[in-house]
Amino acid sequence: MVAIGLACLAPWSVAAEQDKATFYDLGRPASEAEIKAMDIDVAPIGAGLPPGSGTVHRGRQVFAAKCAACHGPSAIEGPADRLAGGHGTLKTPKPLKTVGSYWPYATTLYDYIYRAMPFNAPQSLTPDEVYAVVAWLLYRNEIIPEDAVMDAHTLPAVQMPNRNGFVPDQRPDLPK
Amino acid sequence: MKDPGKKVGEVAVGRRRFLKTAVTLTGLAIAQSAVPTLRAEAQETPKAPEDPTKVPGALPTPYGRRSAFERAERLPRGQISLTPHQDLHGIITPSALHFERHHNGVPLIDPASHKLLVHGLVERPMVFTTEDLKRFPSVSRIAFIECSGNSFSEWAGPPGQTVQQTHGLMSTSEWTGVALATVLRECGVKPEATWMLAEGSDSAAMTRSIPLAPMLNEAILAYAQNGEPLRPEQGYPLRLLLPGWEGNTNIKWLRRLELGVAPWMTREETSHYTDLMPDGTARQFTFVMEAKSVITSPSGGQRIKPGFVEVRGLAWSGRGRVTRVEVSADGGRTWRTAQLQEPALPKCHTRFTFAWRWTGEEAILQSRCTDETGYVQPTRRALIGVRGANSVYHFNAVQSWKIATDGSVSNVHV
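The listed protein sequences derive, respectively, from chains G and Y. The numbering of the first sequence is this note's numbering, which starts it at 1 and goes up by one. The numbering of the second sequence is this note's numbering, which starts it at 1001 and goes up by one.
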C-alpha cells in the first residue's frame, strides 16, 4: 500500500522534492519542552529515570496509603495482581507470576507504576514516591536489602531473579 | 482478564431485571457525572402494524440505528467486551459490536486538542494534529484485530459456553488512515533506529515496543473505522493498526511514537502478554496471530433442527491469506472442504460456509484452516502438547461444537 502511494507521487514530485526535508510540509517541529513533558518511559539501561530516590521504609508507607487497597496490605492479598512470592512456581501446574518470580527488569516497575498506578489516579506519584514503592516491592521479594535506596543509578543495576527467563518467539512450533 | 465463562447466566438476563438495572444505572449516572456511558438501547420492542403497507413509515433521521427488534450485543466483563459472532454475518464487525480490551477504561478525548508526538532517533521530532494526519495521503485496509487472549478459556478451562465467550475477542473492520511509513519519512528516521515505542492517551498510558522492519510497510495510523471516525472504544481519534499482530500492539488513543535501538521492556511485554511454557521459560514478542478458524453457527448455546443446516464460520491468519477451510462433523476423523466467500483478504476474517444435512444423530462439528504459508490450524491436543496449558495467550486450536440428539449445541474439548 505504501509502495503504491509512493509510485503515484513519483511523476510529479519525487525528483523535485528529494532535496526538501519533508514531503508534505505537514505537522510542526516538536519543542524540547513538549517532548520532555510527554516522554515518561524508562528503559532497562535506566534512560528516562528522573532525579530523586526512595527507601524501603518510605515505600512501605506509600504502599499502605496508595496501593494496599487493591493489592492487599503486604502486596499478596489482592484483589488486584499479587506482587510478591511465587518463586519456583513457573514450571508447576499453578504458576504464580509476580514481580519477584516473573518480572525480568526492575526498571519496568518504575515505568509502569508511574505511568499507570494508582489505578484511580495514574501519574500522581512523585518520583520519590515511585522510587520508594519500587524499593519496597523489591525488598518484599527479597531482591534488595532493607537498607537499600533506589535511584536512577541503583535501580537499573538490580538483577531480577527471572532476568533470563524469556525467549523470543519460536513459532511456528507445531509439526505439520 | 476475568474468565468470560464464569457468568454465563447473565447473558439471558430477564427483561424486568434488565430494565431495573438500566434505571439503577441512570440514577448512578446522575449521582456520579464521571460515569460516561449507560447500557444502550433499553427500549421496548415496538408493536409493528399488522400490514406496514397501510401505515406511513418513519421519516429519515440524522444518524441511523438498527431495528428495534434486534438485540445482539457485546458481553462486557470488566476491561473487556466480547463480540457476538453467533449473531453476525459476512466479515465486517459492526463498529458498535467491535470487541473491547482496555487497560484502564475508555478515555474521553477532544480531537481538536489531541496530538501525536514522533521523537527519539529521528532527524526532525514532530508534532501532528489529527487534522494534519488526515491531510496526508490516505490508505484503507480491511483487517482483523484479535486480542492475544482470545480463546484463553480453552487452554485449561473452564471453557466458554458460546462462541461469543470462546472467540469474542476478535473483530474485523475497514481501517483508514495514513501509512506509518509516510509519517516516519516526514520525520526522517535515523538509520540506527530499529524499534519504536507506541504509547496511548488512556489512563494506562498503554505502551508496546514494536520492531520497525517487519511492520514498516503495513502499519497504519488509523483515524477511521468502517467509513466514520474511530469509535472511542477503538482509539478515537487515532490508533496504530498492525495487521495480523496481537491486538494490544495496535495501540489505541495513540499519542506518541519514539524511535530507539532496543525494546523498552514495558510491563505489557514482560509481565503481561508473554507466553509461559512448560519448562518455566516465557516466550516474548510473539506478535503474529497464527491461522485460526471457528464455526459461528451452529455454535454453543444454539439449537438446530434436523434437515439442511448451513455451517458458517470465520477463518483468519496473521501471516496472510486463508487458502483452505475444512469442516468435520465427526470430531475430526473425516474432513470436507468448505466454501470460502469472497473477499478472502490477507490478515482479514474470511467467511466460510459448508452445506450440511443433520440427521438427528450426535455429531461433533469442527473447522480447521490452512493459510498461504501452508500452516495448518492445530488440534487442541497438539497445541497443548507443545505449549502446555499455562500460556494464556495465542490459543489458536480447532474448536469443537457437540450437537446432541435434541439439537442443542455445546462446547466440548475432544
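Hints were generated in silico from the structure; no laboratory data involved. Using N, Cα and C, we set each Cβ at its ideal position, and we do this for glycine too. Among the hints, erroneous ones may be present.
Claimed, not checked - Label pairs and their calculated CB-CB ranges:
hint: 1; chain 1: Y; residue 1: VAL1412; chain 2: G; residue 2: ASP169; range: 27 to 35 Å
hint: 2; chain 1: Y; residue 1: GLY1227; chain 2: G; residue 2: ILE35; range: 32 to 40 Å
hint: 3; chain 1: Y; residue 1: PHE1069; chain 2: G; residue 2: ASP81; range: 40 to 48 Å
hint: 4; chain 1: G; residue 1: GLN61; chain 2: Y; residue 2: ARG1381; range: 45 to 53 Å
hint: 5; chain 1: G; residue 1: ASP81; chain 2: Y; residue 2: VAL1412; range: 27 to 35 Å
hint: 6; chain 1: Y; residue 1: ARG1381; chain 2: G; residue 2: ALA65; range: 48 to 56 Å
Claimed, not checked - Just a few of them, taken from the derived set where beta-carbon distance is under 8 Å, the chain G residues facing chain Y:
hint: 7; residue: TYR24
hint: 8; residue: ARG28
hint: 9; residue: LYS36
hint: 10; residue: ASP39
hint: 11; residue: LYS66
hint: 12; residue: ALA68
hint: 13; residue: LEU96
hint: 14; residue: THR108
hint: 15; residue: GLU146
hint: 16; residue: PRO156
hint: 17; residue: VAL158
hint: 18; residue: PRO168
hint: 19; residue: ASP169
hint: 20; residue: PRO172
Going through the hints against the structure:
1. VAL1412/Y to ASP169/G: 27 to 35 Å: holds, 30 Å
2. GLY1227/Y to ILE35/G: 32 to 40 Å: 35 Å Cβ-Cβ, so the 32 to 40 Å window holds.
3. PHE1069/Y to ASP81/G: 40 to 48 Å: holds, 43 Å
4. GLN61/G to ARG1381/Y: 45 to 53 Å: holds, 51 Å
5. ASP81/G to VAL1412/Y: 27 to 35 Å: Because 32 Å falls inside the window, the suggested range holds.
6. ARG1381/Y to ALA65/G: 48 to 56 Å: holds, 50 Å
7. TYR24: With a minimum Cβ separation of about 6 Å from chain Y (threshold 8 Å), the hint on TYR24/G holds.
8. ARG28: Interface hint status for ARG28/G: holds (6 Å vs cutoff 8 Å).
9. LYS36: violated, 10 Å
10. ASP39: holds, 7 Å
11. LYS66: With a closest approach of 15 Å, the LYS66/G hint is violated.
12. ALA68: violated, 19 Å
13. LEU96: violated, 11 Å
14. THR108: holds, 5 Å
15. GLU146: Constraint on GLU146/G not satisfied, violated at 24 Å.
16. PRO156: Violated. Min distance 11 Å.
17. VAL158: violated, 13 Å
18. PRO168: holds, 6 Å
19. ASP169: Hint on ASP169/G: holds, closest Cβ of chain Y at ~4 Å, below 8 Å.
20. PRO172: Holds: closest Cβ of chain Y sits about 6 Å from PRO172/G, inside 8 Å.
The structure shown violates the earlier hints numbered 9, 11, 12, 13, 15, 16 and 17.
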